[in-house]
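Using the sequences provided together with the hints, build the complete structure.
Number of protein chains: 2
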Amino acid sequence: MRARYFSLAFIAAVLCVCEGYTLRSSVSWVVSNDVVVEDDADMSEEVAPALLVDTAGLWKKLGDSPGEIAKSEEDSGAQLSSRLFSYPVEKVKNSASSTPPPHQETARTARYIAHSSDWGVLSTISTQERIKGIPFGNIFSISDGPLDNSTGIIYFYVTPMDNSVSDLKMNPHASLTFSEAEGDFCRQMLYDPEDPRCARLTLTGKLVEVPPEDISFAKEALFSRHPVMAKWPVGHKWFFMRLELIQVWLQDWIGGTSLIPLEDYFKATPF
Amino acid sequence: MRARYFSLAFIAAVLCVCEGYTLRSSVSWVVSNDVVVEDDADMSEEVAPALLVDTAGLWKKLGDSPGEIAKSEEDSGAQLSSRLFSYPVEKVKNSASSTPPPHQETARTARYIAHSSDWGVLSTISTQERIKGIPFGNIFSISDGPLDNSTGIIYFYVTPMDNSVSDLKMNPHASLTFSEAEGDFCRQMLYDPEDPRCARLTLTGKLVEVPPEDISFAKEALFSRHPVMAKWPVGHKWFFMRLELIQVWLQDWIGGTSLIPLEDYFKATPF
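Protein chains in written order, with this note's numbering: chain G, 1 to 271; chain B, 1 to 271.
If you're looking for bench data, these hints aren't it; they were derived computationally from the structure. Some clues are possibly wrong.
Unchecked claim - Restricting the straight-line Cα-Cα distance to at most 25 Å, the calculated cross-link-like pairs of lysine to any residue (SDA-like) are:
hint : chain 1 : residue 1 : chain 2 : residue 2
1    : G       : Lys206    : B       : Thr127
2    : G       : Lys132    : G       : Val165
3    : B       : Lys206    : B       : Lys267
4    : B       : Lys132    : G       : Leu245
5    : G       : Lys132    : B       : Gly133
6    : G       : Lys132    : B       : Glu129
7    : B       : Lys206    : G       : Ser166
As the list claims (entries may be wrong) - From chain G, some residues computed to sit far from chain B (all C-beta separations above 10 Å):
hint : residue
8    : Ser98
9    : Pro101
10   : Asp214
11   : Ile215
12   : Ser216
13   : Ser224
14   : Glu244
Claimed, not checked - Beta-carbon label-pair distances, calculated as ranges:
hint : chain 1 : residue 1 : chain 2 : residue 2 : range
15   : B       : Glu105    : G       : Gln104    : 41 to 51 Å
16   : B       : Lys169    : G       : Glu105    : 24 to 34 Å
17   : G       : Val208    : B       : Pro211    : 43 to 53 Å
18   : G       : Pro261    : B       : Pro261    : 43 to 53 Å
19   : B       : Thr269    : G       : Glu129    : 24 to 34 Å
20   : B       : Phe271    : G       : Lys267    : 48 to 58 Å
21   : B       : Phe239    : G       : Met170    : 31 to 41 Å
22   : B       : Glu209    : G       : Gly133    : 16 to 26 Å
23   : G       : Lys267    : B       : Pro102    : 47 to 57 Å
The beta-carbon is built from N, C-alpha and C at its ideal position, and this holds for glycine as well.
Listed below in structure tokens is the structure:
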């Protein structure tokens, strides 16, 4: 059984003829050949062809040897599909590790964290059966713009299959929380994650679908920072959302927290 | 003006005679000599004497040169007090960077993340004026036990001055969210933070004050992992809380999320 997996040509053929489902609960990550034939025309040209023809090349880029693909028979479906969630190392920017602005500049610090963070925790009111009405936190890869164009507006690329998106349908108000502990800064400074100088930012507001005229910016903002998003399975019906801000809450130093006026937040820049 | 800050002996003298307040909003981080004279008898013996006599030594341990103490006059109060939130590098365990269990072992993976994470995002229902009723996420340094004794129960060391603790007084139900992206694992594996293989864990339940008979364990669990907690300003009236679980939600692979029965969660071990 195992030997066939070593034939990368065979894997490419399998990709063209079969659908792979890996199921564990009511939410499934379906991986099908739709990904290849129906995926968005704007998807990254660098990686898209690899999905069609150069699977071996893509696996190599990701640091796996062909032999590792066949680690476990049980996982083979997931492994065939899992490449959809990986991205080449040269595209990973560890932006959170650069130096933050002076802490006194709170609006600029908030913008710096919002811009340099690659992910945050979105807190929604849960609609899940057992924890209905209780806040539920979930991880999202986000972007407030391409690396050279920060807007302060946080964009998301989400699927209705996600628990948090189900929550947002019932109540679109939510918070997005970042910590400087996500990067290397706090570790380098020897700040405990709860040290008030290890800055934390919570943006609260309403999540709305990105209007058609802004979708191309949202796509550029997200896909430039998370190139793998361009390859996520289309069956999941991904769409773009953004956070319309009500409050910007920051703790970036000893001496209490700051509520930053929205005008100051948007006027500041992280650069 | 600046020159006096270069005298470390003078700084030590100032510490003995004055109270320093750094105020920025309604919540203040008061730093006073109470810290030194009233601090808990169990506080780390290695660093406690330094607070009293060897301020220069402590600053050096933290990697700052004496000259850096006086970077800004405005910051001097905060800088005098900020040492209370730092801890020596040899005590920092980057536990999240070790290798997780096989993803099929979901209960063990959940326990691994709960045990190896040093911080998470707590989502509460906000009582803040502008965002009342909206979920609010905040960063907490946590522990489920000393490094060699995982319980699966998450302990917190909190102050009533904290926005989230105010929220919990009105509604103690909350979720605590972790991501493997907190450590180096996902970066090393080239997983985007939202990649389902970059595991995320959300523990939902009720936060309660730790009963007197369990306080010594809570203290050991937290202070062994976050030694700086022993030095946090007593004026903040810190106390211990723990999360009584209702639901364990995990995503650690492609193919959907897992709701892990509490019995399985507590039976498993992260080791």
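The hints, checked one at a time:
no. : hint                              : in the structure
1   : Lys206(G) / Thr127(B)             : 17 Å, holds
2   : Lys132(G) / Val165(G)             : 14 Å, holds
3   : Lys206(B) / Lys267(B)             : 20 Å, holds
4   : Lys132(B) / Leu245(G)             : 14 Å, holds
5   : Lys132(G) / Gly133(B)             : 14 Å, holds
6   : Lys132(G) / Glu129(B)             : 23 Å, holds
7   : Lys206(B) / Ser166(G)             : 23 Å, holds
8   : Ser98                             : 15 Å, holds
9   : Pro101                            : 14 Å, holds
10  : Asp214                            : 21 Å, holds
11  : Ile215                            : 19 Å, holds
12  : Ser216                            : 21 Å, holds
13  : Ser224                            : 13 Å, holds
14  : Glu244                            : 12 Å, holds
15  : Glu105(B) / Gln104(G): 41 to 51 Å : 48 Å, holds
16  : Lys169(B) / Glu105(G): 24 to 34 Å : 33 Å, holds
17  : Val208(G) / Pro211(B): 43 to 53 Å : 44 Å, holds
18  : Pro261(G) / Pro261(B): 43 to 53 Å : 47 Å, holds
19  : Thr269(B) / Glu129(G): 24 to 34 Å : 28 Å, holds
20  : Phe271(B) / Lys267(G): 48 to 58 Å : 51 Å, holds
21  : Phe239(B) / Met170(G): 31 to 41 Å : 34 Å, holds
22  : Glu209(B) / Gly133(G): 16 to 26 Å : 22 Å, holds
23  : Lys267(G) / Pro102(B): 47 to 57 Å : 50 Å, holds
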